Each structure stands twice: as C-alpha cells, then as structure tokens.
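Residues -24 to -1, 1 to 519 (mature numbering (1 follows the signal peptide of the UniProt record, and there is no 0)) make up the sequence shown, in order.
Bear in mind the hints are in silico, worked out from the structure with no lab data behind them. Don't take every hint at face value.
Said to hold, decoys possible - Listed below are the simulated DSBU-like cross-link pairs for lysine-lysine, each with C-alpha atoms no more than 35 Å apart in a straight line:
| # | residue 1 | residue 2 |
| --- | --- | --- |
| 1 | Lys212 | Lys323 |
| 2 | Lys95 | Lys323 |
| 3 | Lys95 | Lys212 |
| 4 | Lys147 | Lys95 |
| 5 | Lys364 | Lys340 |
| 6 | Lys22 | Lys340 |
| 7 | Lys22 | Lys248 |
| 8 | Lys340 | Lys147 |
| 9 | Lys22 | Lys10 |
| 10 | Lys340 | Lys248 |
| 11 | Lys187 | Lys248 |
| 12 | Lys147 | Lys10 |
| 13 | Lys248 | Lys147 |
| 14 | Lys10 | Lys364 |
| 15 | Lys22 | Lys187 |
| 16 | Lys212 | Lys187 |
Please read all numbers here as calculations on a predicted model, not as lab measurements.
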Amino acid sequence: MRDCKVLCFAIALVLLCFHGGVNGEDPYRFFTWKVTYGDIYPLGVKQQGILINGQFPGPQIDAVTNDNLIISVFNGLREPFLISWNGIQQRRNSWQDGVYGTNCPIPPGRNFTYALQVKDQIGSYFYFPSFLFHKAAGGFGGIRIWSRPRIPVPFPPPAGDFTVLAGDWFKTNHYILRRLLEIGRNLPFPDGLLINGRGWNGYTFTVDPGKTYRFRISNVGLTTSINFRIQGHSLKLVEVEGSHTLQNTYSSLDIHLGQSYSVLVTADQPAKDYYIAVSSRFTTRVLTTTAILHYSNSQTGVSGPVPGGPTNQVAWSLDQARSIRWNLTASGPRPNPQGSYHYGMIKPSRTIMLANSAPYINGKQRYAVNGVSFVPPDTPLKLADYFKIPGVFNLGGIPSSPSGGNAYLQTAVMQANFREFVEIVFQNWENEVQSWHIDGHAFFVVGMDGGQWTPASRTRYNLRDTVARCTVQVYPRAWTAIYIALDNVGMWNIRSENWARQYLGQQFYLKVYTASNSWRDEYPIPRNALLCGRARGRHTRPL
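Sequences and hints are given; from them, build the entire structure.
Right, dumping it as structure tokens:
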C-alpha cells in the first residue's frame, strides 16, 4: 500500500510539473536516456557515433494508445542536442516537438524531460536527433504504439514483432558533413546502407517455421529512398504510420525518407537462411545491403544472388504508392472503423501550394519552399510567440503559392486557423524525388501524378479510401496533393525529410492559431521548459 501511495504521488508531481494538473486515467511510462559519443563501426570504419544508453541505434520505445511518455534525456555531448518524434502528434502539446522551432536545445551536461502523450495513435514511428546534423551520427530509434487490448486489430497477433531501421550512411563524421553544407557544398554520395546500425549481413532476424511475423520498417536515412524485400518471401502490408491498410501483398516496397511501414511475413519456405535486402532508389549508383532472415531450425546459410529490386522506375513506384489504401472497416486507435471519417466529403477552406527549389543565395547552395529558404532564428519560434518577442520571425513571410521571384533567406512562418480543413499541393519541378513531413498531424494523400498540378487534377483525387499518414513522397517533375485537418494548435514544422535540404532551408513553420487560451485546445508552457535566446530569464508561469 505504501509503495502504491508513493507511485501515485510521483505521478501527480510529474503532471503538476509539466502541465499544472492531474489526469490519472492513462498509464505512464518512464524512460531515462543518457546521450553520449561512442565508437561505432557500421561500415567497417571507426566513427564517432551518437549513442543512447550506450546503444546504436537507440532503445526501442513501446507504448499503448494514450500512454503518457516521460523521457528524461541527459546530454553528454559537447554540443547542444534535441530529439524529435517522427509521427508522434503530441495533441495540444507542440511544446514537446523537439525541433528548434519549438524547443531550446539541451545544453551539454544538462538534461531535459519530455512529457508527451501518444493520444489516439497506433502504429510504427521513430525518433531522431533534429539539431546540428546529429542525425548523420545516429541517435535514432524505433517507436511502436500498440492498440489497446479491447480495440480489434485486423490481423491475428503475430508470433513476433521486429523493428527495421534502414537508410543511407556516410563514413564521414557528422560535423564534417555539416561543415560542407554550411560552406555551400553538396553532400557526397552515401557510402552505404545500414539495417539496424549494421552493414552487409550484420543483423539477423530469427523466425520459427510456419509462423507469421510483423516487420516495422522505417527509412531513417539522410538523402535516399530505399526498397525493401526478403528473398523468397512476400510482404503483406498492414499499416502505414498509424493507418491500417488494405492487406495487399508485395514482392518489395519502396520506402521514402522519413516513412514507416508494417508488413506481415510468413516463414513458409524451406528451412534455411534468406537475404533481407535494402537498396537505394532513384540513384545513379545502386547501393545495397542485407540482413539475414534465419529459420530457427536452419542448418544452411544464405546462398544465391541477393534478390534484385527496382532502380529508377518512377512509374512502378507511383503505381505502388497509389495501391496503398485505407482499410475502411478496420478500427484505428478507437473502436469505430477508420472509414467512418469521410474526409472526401469535407470541402477544403483554402489551397496551399508548396514548390521546392535549389537556389544559390549569396554564392552558396541553399534549398527553398516557394522561394523562401528558412533561416533558424536566435530564439525558438514557439517561445517567441508565447512571450510576444518581436523580430524573431516573419509571420506571413512565406507565400501560400510559388511567387516565381528570386529566392531569399527568411525565418518564415505561415499562419492557419485551428480546425481549418486545408488542401496542400506539393509541386516538384526538380529531377529528384522529394519527401515531405508535417509535424503534429496526419493527412490524407488524395492524389499524385506527373507534371503540373491544376484545379482539373482534383478529378483524379481518391476521396474514399486513401491512406492517412504524416510523410509523403513527391516524384520528380510531379505533384502530390493532401487534405489535412488542422486540429492541433501549435507551431508545427513542415520540412523536407532529405536532411541536407532541410538543413539548408527547405522547411518552414505553420502556426495553427486559435484565440482561445483553453487547455482543451493547447497545454500551457511546461514549467521545466528550457529558455534560450531572447527568452532567457523569462518565467514559464505568470508571477
């Protein structure tokens, strides 16, 4: 009894610290992470990596819908550090987003405790370091959000659940890569691909014959789309970034930067070892790496050629993307069917068109959205907005459609109203695939095609069963259109998931605004919020 009272008191203190109130309905999960440098050898060469609790990749986060996650991060690096949560929506709580537009970085030798809730979410996601190009050194890990016990899941419980963190990797240390970008040069071609932090045949997944397993695959790379496949086995797609999908079967899957997929794989082949292959997509030179699918009763190692995958076939990838559909009858995080939300019957209140570009500004390579290349401010935007600090950002500094003028540098914020339903069109006139992510929200990918988007393109939209997700690709010289309900108040990052492009300006912030000061719409600033820049020395609560 005494231990129970102590635990309840501790939970109450945590809630009072972060939000000034108590909500005892949803469980709490506590994590303590120490971030350090350490020697890693992912491609056989010694590098300085970023470890979390001595691990590369970092620890897995497991949670159930509506759990509260209390994650205390101690920064043992020599630089400020931030962690962001790719796809975790943080309802009413952009204070915990972990990007520089909302949070001050954790200074060296200090700690910060994130308090976030996986409210009304299920599915597969990942976390990563969002500051100073640290993502190129590691510091990422998987996030699994399980359905609550009474919520039906549209497939039998698998015999096992595996996280696959795959992506491109550079042998060059992250601070050298960062310096290359800052002096106006492009990154070199990646040196290889990794699966769970290891190179060729470096990681093994063990399965029992006849059983079915779930593989949650995330592209955690910096610059490259990938294709995933397993020798001799089919992939049954069941979930994409929190959406249960129609259970189509594929021989391989394209996974673009920042995206996450769940597939079911049945060990229905003769007992031996099989290649799990990941290769780069849309690159002049194809990179490939492998892991091992090991049958528990296998006495035979992998053999034969590594299964080949697509390389530059854009039409093949586009057709596959269009085939990924919402399972209308399956439950999501709640018991009601996903299809009960009729997104296609809601008329958007406005259209925003976002066009990426790669201009040179002041003689240096930059990247831009609608001609605006984002410049990080001296004070996080969320803090500047909260404390009403003038001159930090330019509200309305980015147009809602391409202007056609010369590109320029700007700390740009676009404003939108809370509960608006908006159409966003991503227009890509470059010759490389783009990948876009929106923090704090999921959106419906209603259409994608080649060429120039026009209002007539809406006749080809899928207004019935397109998938809801948080990261979407735009193919070369093509467009992608989404519908998004702006139902989450806050300052939210819209960015390229190509980390070089993001670092050099292909991002901006969307301020989802309401005049209400109600906690029903947005939590107050946490009492433990780090204050930096022009917000330093201010109070997180009125005196």
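Here's how the hints hold up against the structure:
1. Lys212 <-> Lys323: 33 Å, holds
2. Lys95 <-> Lys323: At roughly 26 Å apart (the allowed maximum being 35 Å), Lys323 and Lys95 satisfy the hint.
3. Lys95 <-> Lys212: 27 Å, holds
4. Lys147 <-> Lys95: 38 Å, violated
5. Lys364 <-> Lys340: Distance of about 33 Å is within 35 Å: holds.
6. Lys22 <-> Lys340: Between Lys22 and Lys340 the Cα gap is close to 31 Å, so the pair holds against 35 Å.
7. Lys22 <-> Lys248: Roughly 32 Å between the alpha carbons, so the hint for Lys22 and Lys248 holds.
8. Lys340 <-> Lys147: 24 Å, holds
9. Lys22 <-> Lys10: 21 Å, holds
10. Lys340 <-> Lys248: 53 Å, violated
11. Lys187 <-> Lys248: 15 Å, holds
12. Lys147 <-> Lys10: Answer holds: Lys147 to Lys10 is near 24 Å, not above 35 Å.
13. Lys248 <-> Lys147: Holds, at about 33 Å.
14. Lys10 <-> Lys364: Within the cut-off at roughly 34 Å; holds.
15. Lys22 <-> Lys187: 38 Å, violated
16. Lys212 <-> Lys187: 14 Å, holds
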